[in-house]
Structure formats: C-alpha cells, structure tokens
Amino acid sequence: MSIGLAHLNCRELVELVTAYLDGDLSSGERKRFDAHLSACDGCTMYVEQMRRTIELTGTLGVDDVSREAEEALLRAFRDWKAQ
Amino acid sequence: MYDAGDAQLVERLRAGDEEAFRELIRVLNPSLLRLARMFVPTAALAEEVVQETWLAVLNGIDRFEGRSSLKTWIFRILTNTAKTRGERERRSVPFSALDAEDGGFEPAVERSRFTGTGHWAVPPRAWPEDRLLAKETRLVIERAIERLPPSQRSVITLRDVEGWTAAEVRNALELSETNQRVLLHRARTKVRRALEQYLSEEQ
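So the protein sequences, as listed, match chains A and S.
Going by the working numbering, the first sequence opens with residue 36, and the numbers climb by one from there.
Going by the working numbering, the second sequence opens with residue 164, and the numbers climb by one from there.
Just so you know, these hints were derived from the structure itself, not from any lab.
Mixed in with the good hints, there may be bad ones.
[Unchecked claim] List time: in silico BS3-like cross-link candidates among lysine-lysine, alpha-carbon distance up to 30 Å:
#1 Lys353/S <-> Lys66/A
#2 Lys116/A <-> Lys353/S
#3 Lys116/A <-> Lys246/S
#4 Lys246/S <-> Lys353/S
#5 Lys234/S <-> Lys246/S
[Said to hold, decoys possible] Derived list of chain S stretches under chain A, where covered just means 3 residues or more per stretch with a C-beta under 8 Å from a C-beta of chain A:
#6 279-285
#7 316-329
Glycine included, each C-beta is placed from N, C-alpha and C at the ideal position.
The whole structure should be built from the sequences, with the hints applied where relevant.
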C-alpha cells in the first residue's frame, strides 16, 4: 500500500485503517499513520470508531446448529463408524 | 495452525469418538453452511454440500497429515465440494466473480466530508456510549451486514463475528491478501457508516 504517504492526509488515512489495525503497514507507513493520529482529533475519533465497530460486531451471536442437522450428521457419523 | 488441540481432536475422531464429532460440528457447521451457500443456488443444496463435506472429512481423516490446521483442511474440502456441486448445478460462483460485483473504488467516507486538501471538513462526532451499548444498536449492525454484497458479508462474518485470522479467511475463501483486506475494509467501513447514521439520529 502506498498512497502518497509522504503527505498522508485524513482522506487517505481512513482508507488505511484496516491495514493499520491488521498490522499490514510497513514500519515507515505505520510511523506516518501514528504521527498523523497524534496531531489529528478527527482521525483519532475515526480510528476509535472503527475499533468500537469491530468490537461490537464481535458480540453478535454466531448461529447454532439446528437439532435436526446435528442429528442427521451424528447418524452419518455412526454409519461411517460401522463401516 | 495445527496444534495440540487439533491433534487430540483428530485422534479422537479416528478412534470413532462421537462426542469429538459433535464438538466439531457445533463449532464449524454454521460457517460451513454460510460458505457453501455462496457456491450453490439454494439453502437445501448448501446443506447437502455440507453433509458431503463432513463425509469426506470422516473418510479422509486417516490421511490428514496436519500440514494445515484441521479447520483450514475442512474448509478446503468444503470449497472443493461446493465448487463441484455449483458447476453441476450450472451456477458456479467463484470468488473472482463475486469480487467483480463490488465494482470500482468506494471511498470509506463520503468525499464531501473532506476539504479540497483531504482534511476533515465534517469530522466524525463522538458516539453516545449508552446508545452504543443498547440492544437496538446490535440490530443496526446485523442489518448492515445483511445488506453487504456476499463476498464482503462472508469476510466480515468470518473475521469479526467468528474471529478468524486473515490467513484462515484467505485460505477458506481462496482470496489474495489484498482482496481479503479490501473486502474486509469495505465491509467494516459500511458497518461503521450505518452506526454513525443511526447514532446521529435524534431519539
């Protein structure tokens, strides 16, 4: 990723947030990103909101296996075992 | 990666331990179904693909060498089974085609919120913490995820709802590093925007 990081502005920073949070930026890019954040309240708020968004998404429930599906699979397992 | 927990589970499966199999299907079946659904036209077919996958897992477990994690191995079987099935049903939906649906570049934040030099003109405002934690807010997130294109929805579901690593998602969905990141970025960005919009409405 390299979108004019020498002059990283807010519009560019918001496009790098996912790479930043996943630790995919080079060390130079990361330094510029952090330097921008330390001087910019808007971007600090934006990154914080992305973190909260990810955190809240993580609290959504994962579907459970239906009882019928589980029973059907366990029957298949017993058949396999009996082979 | 393949670890001690995996090794133990594999041993128990090989020994015909039904409880081990039950544990595994409880953990993996919902994501398997969700992924299968992306390759075949109906929910019923997706269920068949998943059943076929589990049979292939059982029949192949003796040959599983632990070169990837058990989960990655199972998802690879699912992807192959689903693709074969999708082709047979004349509706193969490879991820390259799904990526195309996303079209060109979509900015994370509307252009109008920046000045000509790319600085915030309308910066994000703090979110009210009490409303953020309300149950209703979770529904807003769920609805935003439902509205995403399937490829973005799969990636955000696996990464952020189910907590998979980027590498696990790339392997399961056969995505490049860049595609995985772009899909996740777009998905998260849209969920954040949905939250921002909802939280800025007067109550």
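The hints, checked one at a time:
1. Lys353/S <-> Lys66/A: Between Lys353/S and Lys66/A the Cα gap is close to 26 Å, so the pair holds against 30 Å.
2. Lys116/A <-> Lys353/S: Measuring from Cα to Cα gives roughly 47 Å; hence the hint is violated.
3. Lys116/A <-> Lys246/S: holds (27 Å)
4. Lys246/S <-> Lys353/S: holds (29 Å)
5. Lys234/S <-> Lys246/S: The given pair, whose Cα atoms are some 18 Å apart, holds under the 30 Å limit.
6. 279-285: Three-residue rule met by the stretch 279-285 of chain S, so holds; n is 4.
7. 316-329: holds (count 6)
Checked against the numbered hints above, the structure breaks only hint 2 and satisfies the rest.
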